[in-house]
Every structure is written in structure tokens, then in C-alpha cells.
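Chains as they are written, first to last, in our numbering: chain Y, 7 to 321; chain P, 31 to 602.
For the record, the hints were derived by calculation from the structure and aren't laboratory data. A hint or two may mislead.
To be verified - Some but not every residue of chain Y turned toward chain P, in silico, with C-beta under 8 Å: (1) Q213; (2) F218; (3) R236; (4) N300.
Beta carbons: idealized from backbone N, C-alpha and C, even for Gly.
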Amino acid sequence: MAFLARRLGAAVLLLGVLSLLSFVLLAAAPGKPENLLLGPRPSTPETRAAIRAQFHLDDPIHERYLSWLGGALHGDFGTSVYTREPVTSIITERLPVTAGLATYALILTIGVGIPLGLAAAMRRGGRLDQGITLTSLVALAVPPFALSILLLYGFAVTLGWFPVFGAGETAAERIAHLTLPAVALAAGEAAVVVRQMRAAALDLVGQDYLTFARARGLSLPRVWISYALRNTALPVLTVGGLLLAANLTGALFVERAFGLPGLGELLVTAVARKDIPVVQALVLLGGAVVVVVNLLIDLTYLAVDPRVRHGAVAS
Amino acid sequence: MLLEINGLTIAGPAGTIVDGVGLTVAAGEMAGLVGESGSGKSLTARAAIGLLPKGLRASGSIRVGGVEIVGTAGERVLRGLRGRRVSLLMQDPFSMLNPLRTAGAHIAETMPGRATREEVARRLAEVGIDDPSVAGRYPFQLSGGMRQRVALAAALAGDPELLIADEPTTALDATTQHEILALLARVQADRGMGVLLITHDLRVAFAICDRVSVMYAGRVLEQGPGTSLAQAPAHPYTAGLLRALPSVEYTLEHLTGIPGSVPPAAQVASECAFAARCDHATTRCRASRPPLREIGDGRLTACVHDTLPRLTARDVATGTLPTGSGEPLLVVDDLVKRYGTHTALGGVSLQVAAGETVGLVGESGSGKTTLARSVLGLVTPDQGRIELDGLDITRRRALTRQERARVHRLVQCVFQDPSTSLNPAMTVGATLAEAATRAEPADRLAPGDLLELVGLPPGYATRRPKGLSGGQRQRVAIARALAVRPSLLICDEPVASLDVSVQAHVLELLRGLGRELGTAMLFITHDLAVVRQIAVRTVVLFKGRVVEQGDTATVLDAPAHDYTRRLVAAIP
Chain Y
7 MAFLARRLGA AVLLLGVLSL LSFVLLAAAP GKPENLLLGP RPSTPETRAA IRAQFHLDDP
67 IHERYLSWLG GALHGDFGTS VYTREPVTSI ITERLPVTAG LATYALILTI GVGIPLGLAA
127 AMRRGGRLDQ GITLTSLVAL AVPPFALSIL LLYGFAVTLG WFPVFGAGET AAERIAHLTL
187 PAVALAAGEA AVVVRQMRAA ALDLVGQDYL TFARARGLSL PRVWISYALR NTALPVLTVG
247 GLLLAANLTG ALFVERAFGL PGLGELLVTA VARKDIPVVQ ALVLLGGAVV VVVNLLIDLT
307 YLAVDPRVRH GAVAS
Chain P
31 MLLEINGLTI AGPAGTIVDG VGLTVAAGEM AGLVGESGSG KSLTARAAIG LLPKGLRASG
91 SIRVGGVEIV GTAGERVLRG LRGRRVSLLM QDPFSMLNPL RTAGAHIAET MPGRATREEV
151 ARRLAEVGID DPSVAGRYPF QLSGGMRQRV ALAAALAGDP ELLIADEPTT ALDATTQHEI
211 LALLARVQAD RGMGVLLITH DLRVAFAICD RVSVMYAGRV LEQGPGTSLA QAPAHPYTAG
271 LLRALPSVEY TLEHLTGIPG SVPPAAQVAS ECAFAARCDH ATTRCRASRP PLREIGDGRL
331 TACVHDTLPR LTARDVATGT LPTGSGEPLL VVDDLVKRYG THTALGGVSL QVAAGETVGL
391 VGESGSGKTT LARSVLGLVT PDQGRIELDG LDITRRRALT RQERARVHRL VQCVFQDPST
451 SLNPAMTVGA TLAEAATRAE PADRLAPGDL LELVGLPPGY ATRRPKGLSG GQRQRVAIAR
511 ALAVRPSLLI CDEPVASLDV SVQAHVLELL RGLGRELGTA MLFITHDLAV VRQIAVRTVV
571 LFKGRVVEQG DTATVLDAPA HDYTRRLVAA IP
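Same shape as in the complex, but just chain P (with noise of 0.2 Å):
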């Protein structure tokens, strides 16, 4: 065994995170550690390469090519071993590598010994970079896929045994996702070499690990080979999760997130983990707590119950999506925006119909961000007519007062990251109140009702950003949109950044909110699951440049341009 994991427990000042983990990793194997935020995986991945953060202290045992790393190991001991027969990849490429030293400095400082320039270009030609000049180059010069895979030549410079990789993918473009997992793989198959592949993303894992472990509050729930756990889930958490997984094959009519929210690792130490959430849980899952127990075909779940009522992965009743009035609302005519040399937006159309969603996708430098904020006001278009509601909305400062109140009144926004998109010094009643002084008289909220209008208890009125999960905060900042009561939403990736169980939550809400309110949407995503969710049509943006538009299902089932296609053959 490469990675011998047994009763791994990580401490905090803040009571224990990681209890009984245990895990293996073989030579030539793929295992995959899957899990929702604050689950331990990243802890445990950082605990397996003896680097966890100042002030966790690991207890149990790790054991790596036959070497304990826990307790007795000196840095010395460590460092002999990082990089040789363990090395680890990290999430952002935009912050892993050494702003101030070339991609192939990155490669040479970590090979043993010298490194010539052929060497170099070796190994950058084994992650798929066959320009070897790229070695000359700083990060800030490349392109996120490209620095991901220098980062994964560094990390495999020293030739090890095993590769920790925590989240590769997740900062990356779908496309981008794609080639680095593909890339991931291969090199494993060609070096034999143990990978241990910590993701948050299901369907990545259960498609290429051979073996999956699902944490969940600090502990192993199930583990087993990936495909076998995908079709039949042993445990009613990998069940839940499956469930809320959006599918990119059929609009659901309901989509199902687990409710409630994760525990602290130390509040269920004595019980099952997940009792709190479940279904099925019974005076048994709360006397003490379930260890894992083998249920054949290699496979092991810490779930009590033998026979649970037939897990399924989903319903798959079908629903449909409100089309609009066919009134526009929003029109977009011929936007060019260029900054420097660089054009944002090379003449994009596109229009928007009173409450009707359209889902905007396109990957980074696309310019779908900078269309949303050409839309808000946030930047000026250097060509083009943007109207809204037929108010020509295209230069901001060329509007009276009155037509601006009023356009704040027709469009409003939710970003991506609700912990810095909210004012952490304000309390949630403050925020929603502020907000909602901007409205018609008439349309006044208070912000328990809008707070209810989201799902959320009036009561949480008081509490600050800080005293809620990042679901919630989402949710506050949709209730601060709302207020206004505006006619089109702007959503700028509003789920990107939440757990699986909470963004089929939130994507739910969006809906109920369209359907109720009428409220249209220009839903932006590179997810084309959640486009399949929520939009009725789907506008896809390469390059500055719309290169597809129509009906979502038409969109997706037969894409017509090459870069929707390689969209599409880029989910796992």
C-alpha cells in the first residue's frame, strides 16, 4: 500500500474535525474522497502529506510507503518523503505556482539532481504542453489549464508514487476540467502511480476512481468501487446527494437537496453523523455510533439499516419551465465592448421576454460577465443599444435621475460568492431593509417577509452574515434583490460556489421565484446541468461572440456549433 489511513483524528482549538478517517491508496490505483464542504477531505489530504495548517494536530496513523507520518516524523523525515513518494496538487492554479519564477524553474528546482533543458521539456510534453519556449514563461503568462498542467509537472518532478490531487479541477472552465481529469488519468495509468483524487463533484469521481470514499462530517459513511456506488448508494447520504444532482439529460420537476445543513464532527462523535438529515433514521442510528461494515463486492457503508426502502439515485418525474409572455423585456443589440486590444464583447445580440429565464454560458473570458455588468450599469459599452422595458439603458449617465431609479427598479443582481457579495458588518434585517427603501412605495417589503419569501425564518432578521451557512447567505442575497421587486434578475453564477445538497435548494428557490413572481432571469452558468434546471433557452457565448442560441433541450441534446458540442462532451 502507498497510503495506509487508520483512525485518523484532527483536532482544532475548536474540537475534533476529522474523526476515525480511514483510507488505502495502491499502487496503480485511482481513489477518489468525495465530499461537501467542511467534511475533512482537504484536511485529510493535507494530514497525508504532513502540511496540516498551524494548530490541527493529527492523532491515529499514516502511513506512507510503509513510513508513520504521524506524531514521530520530524520535518527532516517529511521532507524526504515530499515530492519523492508523495507529492500533492492543489486547487488554484492562479495562486500554486511562484508568481516570480518560469514554469520550468517550477519543474527543475523539484527533479533530483540536474535538470537539463531536455528534461524539462520532457516532462512538460508528459502533461500535453509539446511548446517547449512555455518553460520560459511565467504563470501570470499562461492561461489556468496550461498553469495546471505545469503545476502537475512540478508536482510530479520528483517522480512519486503517489499524487495527492485536492479539487484539480474546480477552479478551471468546463472544457478545461475536462482535458486536465482526462490528462490526470493517463499519467496515472503510464507511472502506475497511486493517485488520490479529493473532489467535491460526484460525477467526476464515480466516473474515473476505481475506488470512492464519501465523507461526510469528518467520517468515512461509504466506500466502494465508484460505478457501483453511483447505481445503488448503500448509505441515504450518497443517496441524498445523487438526488440532487441536476441532470443534464431532462429538466426535473423537483429538485431535492437534502435539508438541513452539516453538523460540527464533534457534536455527533457518539452517533450516526447523519441521523439528524435522515429519512430513515431510527432510535438504532442515535444510540451509538455505526462503524463501517462490509455489505459485499468490496464495497462498506456506516449505515445501520440492512434493507433501507430501495435507495434510487433519483425521481425522474419531468417537469417543464414557465416561456414568458414573449414580450421582451431586455434587449441587447449589437454590444462591443474592448479593453485595449482585448475585445470583451465582439457584437452580441440577445433578448430577454417578461418572465421568461435565459441561461447565459460560456467559459471564462468569454464575456458574460461583462455583459451582466453592461446591463447593471457597471460598464460602459463602447457600441451596441442595451433597452430595458424600452428605456434605452446603454450609457447609465445619460439617464435623468427619475429614468435611473427606475432602471434600478427593473434589474437587479445576485453574484456568485455570497460571503463577500453581503456587508458583514450589517445585520440581515439592516441589509434587506436598506434594499427595500429603493422600492415603490406600494411594493415595500419587510424583511421578514421577504426573508420567508426566500425560506428563511423572519427570525434570522438579526443575525449577521457570519451566523449563517453559505446556502442562507445566498438566500439573503436573493431576498436583498428581490426587494425592489425588479422585473429581471441578473444571477451571475449564484450557485457555483454552494455544496450539491444546497445548490438544488437554492436552484429550486430561483425557480418558485420565476414561476411565482413572474421574475425573468439572465441566468449565468458554465454548468450545463443547471442551464438544463432553470432556462427556458439558452444563449451560448464564445470568445466575445454568441455562437448558439434556442430552447435549452435543443441546445444541449443536438448542439450545433463545435464549441457547445465539446461543451457538452466535456460532463463527466
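Same shape as in the complex, but just chain Y (with noise of 0.2 Å):
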């Protein structure tokens, strides 16, 4: 418990950091926000003026981040420069999208990276091996929006087995837009798996105790699910709980290539409208989630291995 309170303790410092530096980095960039709103049309100085007036922009900058704080502490992160819509809706409204995306990126990573990282481990240096880890490297080398392109056109364009564009309303749907997108951002991820879990059921391979088992004629199952599995899982789920962070943070150019509305997307438009409060409450959003990914990854250790648990070693 002592480890949780600690854990959480840290969490939040982080974020507070966090938020005071993209605060104190966005108001310092060049461009000002009211003439991004008034655009081309033209202004007087006093409805510029009417304009920082409304969105307190001529405040000193340490009231304007403790109101920003006052208001983020309570689920109000302030109103889109752009659309005049509160923040928290925006996001709620793109979540599900990227959620959706991240997940199923990361059942295809794991599916897929793990059976195929013991199986090259198991025939270390075979035909399969070689054609595994070759097949890694490639899918690790070709970047994701170009991958995206690819599967568009084989797939959509020209099969027309999966939709060209939008996330889909029903779950169904929902299903059939997000699987190229999540292929597309799972082959890089699936290939990084791949070779963590090769690496790692090699290390056991040579280790005494997996001898031992075998030694006592223990069944296959058995030595694959609790020698093998359980102790390969703890580098690999350190690796899949970041990939998730990454997943929900930054898969823009997947989700460009693929016209999604998700957060990816959403953070790209703010920054290029300057919508400072979105984009506040974005970077937020992902120092969160990465914050809580670790978190969780940490508790994973505490279950899975009891020297941990115990605290024979350093967590």
C-alpha cells in the first residue's frame, strides 16, 4: 500500500509539472491567439482587445495557470478558442475512436508478437527463425503512414474489402474501419514483441530450472505456461504497456492516413489553429496515460513476480 501511495504521490507531481510546462511553453510560442480566430477578416484594436479580454490573455501568466488548474482540478478545461466548445466534450467525443484503435492495435501486437517470438526462439536458427526475424525487421523499417497507404490501396481501393475512410457507427462498423488502421499501427509494434520475447525465451531456454522441469517429466503445457510464459512475461509486458501509451497518444499518422477522428488528429488541428486550451488538455491527457500505463505496468510486476512482491529486488 505504502508502494500505491508512494507510485501516486509521484504521478501527480509529474503531471503538475507537466502542465505548468506546456502552459509556460505555449504562451511563449510566437502567434497570437485572437488574430488566429478573427482570421483574414478585419479587426479593430478594441474588438482584438474585447477578444484577450474574454479568454483572460493580458492576465499575468501565473493567475492564468492557477484559473486553468482551478478549473482542470474540477473537469473544466476551459473552452476551444476555435469552435467555442467546451474542451472535455471535444475530447470525449474523439476518445472512443483512438481508445478503440489503441486496443485493438494492441490484441493484434500481442496475438500476433508473442506466439511468433517463442516460435522463433523454440527453432532458433531454423528456416522459421530466419523468416520471423527477417519478417520483423521489414515490418519494423517501413514507418506506419506508409504502411497505411499501402494496406489502402491493396485492401479498400482495390479489393474493396474494408471501408476508405471515418470510424463507422455501430460496433460492427466500428470493427471493419478500425482493422486496417490498427494493422497498420500494430506490424511495427508486433515486429518490436517479436523480438523482445525471442530475446527473452532464449535467455530461458538456457536456464537451469527449465531443465530441471523437463528433467521431471513435467507436461508440455505445464513448462510452456508456468516456466516459459510466466517468466518471459514481465520484459514483454513492460514493452506492451508502453506500446498502449504510444497507441493512445501519438497514432496521428495513422489516423490521418486513415481520415479518424481520434485524439491523434484532434492534436494535429489545435496545433496548427493555436487552440492553446485543447492543446493543453491533450498533452495532459498523454502525460496521464503514460503516468497510468507505468502504474499499471508496476502492479502487473507485484502479481506476477513475488520477489518483487516481497521486495527481494529493487522495483
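Two chains, two separate frames, one set of hints: put the complex together.
Here you go:
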């Protein structure tokens, strides 16, 4: 419990620093929000001053930060400078698409990466291992947006199996719409997991306890599950968690390529429009996701490894 | 017969490793397989349970309970045999158990059918663990000896008829070794089980095994009852091994190792494998490969000579060790070091005089390594004082640059494992030259001279550690320590990872250095026989405290403290 309290304290501190940094950096960035808001329309100094007053742009920066922080703590992240909608509702509207994509991609990554990594390790040096290693190298080398275009052209345009654009409405539609983006996102990540899994399993094959388990005549499923999988789970979990965090916050290339109204897409537009409240909220959300995912990984470590649970090794 | 091995040959990419081994284990028999590292004994054991490492192939015949397992048997057949007919106990209790599973889970998963809590507790009691709560503990919460007991219970959980124990005590402390061996013998007798005990420790094998096979370069050179082998070896190799064994009862004048090193099995396929290192070798030995032949009393030897000039196990000329000048060189006073709540050193005081060798004996966790690291400046003690040649070196950081350089020239260290203490990327010559740059210019020795000092040809300077044997590497590590001409050498188990014939050479080398260069040594070891051969005084450390110190002879022959008595009693 002390562990959890310590970690939560650290997380809150981290998010505070992150919000402050992003607030100051965005305020210091060149370009005036009111100019972007007015666009090419002619404006008088009075209208500009009115807008600045409405958005409290002339207050000292620490006051602006504190009032923003006060709102944020109550779940109010302000209103978008551009669309005048509350930031919270913009994000909640976009979140399901990104969350769906990230989860879908993670399932593909784990579902493909772990078995292939194990298979490669078991057939070390053989044709299967070479094939898997080479394929994973190619998947790592192709950037997600290039793969997105290839997939779009092949499966959506030429073959017409999957929709080209949008996120779909019903659950079934959603799955169909997210399949190609998830594959594009998962390919490189699965390659990372394959390599991680292969290395972890190779390390395991040389361990005495695996030989000892076989020498006692344990059944194959038992050797695989309670020896091989459990002992390789930790490094792979760490990578998987970090990939999930990256998917939730940084899938913007793929979202762009497939025209998905997700958070990555939102971030790109908000930055272009200098929509500071939206950007600020997204940065904080990204930070929170990374912190929460890491906390979850640490909790999983606690659950899986008794040595961490009993404080035998430094966590 | 539970196990019948005939003409077993194991080959890898680099050629034959095991060549025509024959071996049997009957029910109720404790059979021993001894040999130095690289003799092929562990591979023979692995082959007998069908778990050869990848890339190695066995041919010949291995029958386990009448079932042939070489060639024809698939993984399914083998899995049926493993655990129920034959089981394996391995060397390292720290890596043999799954770190994520409890002791009880290891036992329960190996038992046929469902395992009840009572049954697991009964199995633990069989290996001398009377506390049933141990079943719920994880391996990292248990000591080495406890882990080895749990591993034995797990290996026996399927009630095998045959247990293969591959160096089951090598990684344990002396007293724990003794306990585990006694336990193994008791369980074997209670169950009427067959045991194949693989060990490099001749004393252990000869003391507890009914029959012993001596392996060398992939083949068996001699076979027979343990006691008669120990008394009258019928092969020059066995005699050489016995002669190389340090005695715990007296200090030998000369420690005689076997000259040369073990050849690869493939190189000596059609001659006596030992001929190149044998004093009695004749042309007959090289003409063809001598078969194992019977010489009565159930004994077999692969030596062609009928009447060897009486092979004595050892010459009993006793020697003396230099006592030093009496001037204190190293003074350790009331040293305390704590790690969290654990007290590694609880007020240790000792002295080493110039030119004197002091043995430091204790089990793992006794604080002997912390003490050595404190003297070397790798650990800063919490309390107490270390003085070296009149200089207070307790806190290295408080010393001036010149003082630190002086300390560096005063004390040097030789570690246990030469394969990790030498930089693999540097040639031997570069390593030695680098070390010599720290010496006083007048004392500086060339790499060739340093190599000669430790009995290696100067030409070895161009080699890298990979191209040397274990004993040669340890000599290089000693030469590196001598490069600054230190007054004090700290030796942390320098012969513990070496084979017995090599160990004798290295010990003799260190003794010679003590005599000729007048180098004082603080010699850390767990082996009382080694202490007897090298240290004029002995300090016994137990749980961070000195429990006994004095003349080595007095400490070993008339131990005063209970712990020392247990150590002495643990010698096989």
C-alpha cells in the first residue's frame, strides 16, 4: 500500500510539472491567438482587446495558470478558442475512436508478437526463425503511414474489402473501419514484441530451472505456461504497456491516413489553429495515460513476480 | 539394472566429446562418476535423461529401466520416463527452481495425481524440512541448502527408481555440503533407489559411493569400489588426482599437480588418453587404445601396464610455511559494516604480518568477502579502522592522491573466477603492461618477466584469455596482481573454481611466491585442506564475527569453537 501511495504521489507531481511546463511553453510560442481566431477579417484594436479580455489573455501568466489549474481540477479544461465548445466534450467525443484503435492494435500486437517470438526462439537458427526475424525487421523499417497507404490501396481501394474512410457508427462497422488502421499501427509494434519475446525466451531456454522442469517429466503445457510464459511475461509486459501508451497518444499518422476522427488527428488540428486550451488538455491527457499505464505495469509486476512483492529486488 | 550405458558416444560440431563410455547403476546402488571439468561426465548424465544440449548427438546405447533411449525414443517416451523412472538433481540451487513458483508448487506439480497439502509436507519432511510453512515460500526466500533440499524433494516427487545427481553440492558451503550428501545417502538407502552421483570431488565420491568410475577426456579410465580405488589406484591418472589432493591433516612439502592439460577426446581417439601426461607411458600406450580390463575385486582399469611401479596416493613429506617477520603489515581493528538491517561485519579485528599468509575461513554470508573489499577500498566500513603499513586506509576518499597510489602498490587482489576477472578483449601482455604502469619505475617488470614469475612461457603475452586454460588464466591474474610488487595479496577463493590437478599447481605457485618474494597474503577460502597447505595462521569468521584464530595446525587439529568443529567434521 505504501508502494501505491508513493507511486500515486509521484504521478500527481509529474502531471503538475507537465501541465506547468506545457502552459508556459505554449504561452511563450510566437503568434497571437486572437489573430488566428479573427482570421483574415479586418479588426480594430478594440475587438482584439475584447477577445483578449474574454479569454483572459492579458492577465499575468501565473494567474492564468492558476485559474486554468483550478478549472482543470474540477474537470473543466476551458473552451476551445476555435469552436467555442467545451474542451472536455471535444475530447470525449474523439476518445472512443482512439481508444478502440489502440486496444485493437494492442490485441493484434500481443496476439501475433508473443507466439511468433516464442516460435522463433524454439526454432533458433532454423528457417522459421530466420523468416520471422527478417519479417519483423521489414515491419520495423516500414513507417506506419507508408504501410497505411499500402493497405488502403490494396485492401480498401483495389480489393474493396474494407472501408476507405471514417470510423463507422455501429460496433460491427467500427471493427471493420478500424481493422486496417489497427494493422498499420500494430505491424511495427508486433515486430518489437517479437524481438523482445524471442530474446526473453532464448534467455529462458538456457536456464537451469527449465531443464530441471523437463527432467522431472512435467507436461508440455505446464512447462510452457507456468515456466516459459510466466517468466518471459515481465519484459514483454513492459514493452506492451509502453506501446499502448504510445497508441493512445501518438497514432496521428495512421489516424490522418485513414481519416479517423481520433485524438491524434485532433492534436494536429489544434496545434495548427493554436487552440491552446485543447492542446493543453491533450498534453495533460497524454501524460496521464503514460503515468497510468506505467503504474499498471508496476502493479502487474507485483502480481506476477513474488520477488518484487516481497521486496527482494529493487522495483 | 536401472541404468545401462554401453558404448555411449556424444559428438558435437567440434568433434567427439564423450567416447565409448560404459556404465551401470543397479537398484539400491550409489554409483559415482568423477572427473575434472571437460571430462564429459555432465554430458553423460544429461544423455541418460535425454536432455543433451542442442547441437549434440548421442550414439551407442542407454537403457533406462530396460527402455532404450538413444536414437529411437521420441520426446513422448522420454517424458514418460522422466520424473517416474529417472530424475535429475542439478548443481546450482539458485537457478534450478522457478523463481515465480513456491517450494510446494515445485513438489506438487511433479507428483502423479493430485497433491494434498499433507503429502507435500510429508515430502518436505523426507528431505529434512520439518516446517510445513516452507511449502508456501518462494526460492529467493530460502537459503542455498534449503533450496537444494526442496529441489531434491521435487526431483523425488515422482518416485523415480534412479536419481542422477549432477554436482549437487558444489555450489554449497562446506557444512551444508556435508548435510546434503548425508541426506542423499539416507534417502537413497530408505528408498532403495539407484543414484548416479556426478562430482569432481574425489573425496566425496570415494567416501560415499559403492562403485566409482573415473572419467577423463570423454572416456572411463578406471572403475571399481570407492574405498579400494582410494587406497590403491590402478590407473596413473587416478593416482595423479589423489596425489594432487591437498591434505587437511598435514602441510605437504610439495603439492604435485599433473603436468599438462586435458586433451580433446577427438585428438586421442586411438591411444591412451592420458599417455601424454603420464610418467609411465611407453610406446604400447600410444600404439592403440587400451580397453578397460578386469584386474579382480570388481575393478577395471584402462592402463596397459600390469605391474606399475607401486602407485602411491601421496608422498607424506611434510613441510613448513614462512611465518613472516612479525612486523604488522595489515591491522584491522573492530571493523563494522551494515547493509540495511543486515550486519555483514560485526566488529572484526585481525592482523597480517609482513611476509605471512593468513587464512580466512567462513561460509557465504560470514563477511569474509566484505572484509576483503573493505581492505581493497571497494567498500567503506561504518566503524573501525584499517591500517596498512602504518597508513590509515579506512576511508579511501580521505586519502591524498599520492597516498592512494601508494596503497595501490601495497595491496592487490586475485579473484575467484579468472574467466571473468581478465578483460577478454586485451591480450595477456597488454593486461600485464597496463598493470605494470602503476608500479614504481624501478620495480617495473616486463610482461615476459611477469609471466615467467608465475611459470608461464613469455610467448603467452600475445594470447588472449580465451586461448588459455582456467589454471593458466589464474596464473595471469596472479601475475597482474604482482605487477606492482605488492606487499599484501588478497586472494579471494583463488583455487575454488579450478580442478584438483590445476589447484595443486596454483597453490604451489602462491606458496613459492610467499617464500621467494616475501609477499604477505590474506587467503580467503572455504576449503580447510587448502588453508592447511598455504596459511600459517587461520582466522575463522562466522556471521560477521571472528570466532577463532590461531596457528592453522591448532585451529584445525583442536578446534575450540563449535562452528570450527562443525567445519572440520564436514570434511568427507
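Okay, the hints, checked on the actual structure:
The beta carbon of Y:Q213 is positioned within 8 Å of a beta carbon in chain P (closest approach about 6 Å), and the interface hint is therefore held. Satisfaction of the interface hint for Y:F218 is found here, the shortest Cβ-Cβ separation to chain P being roughly 5 Å, below the 8 Å cut-off. Given hint, Y:R236 at the interface with chain P, holds; its Cβ is 5 Å from that chain's nearest Cβ, closer than 8 Å. With a least beta-carbon distance of about 22 Å to chain P, the hint placing Y:N300 at the interface is violated under the 8 Å criterion.
Hint compliance for this structure: hint 4 is the single one not met.
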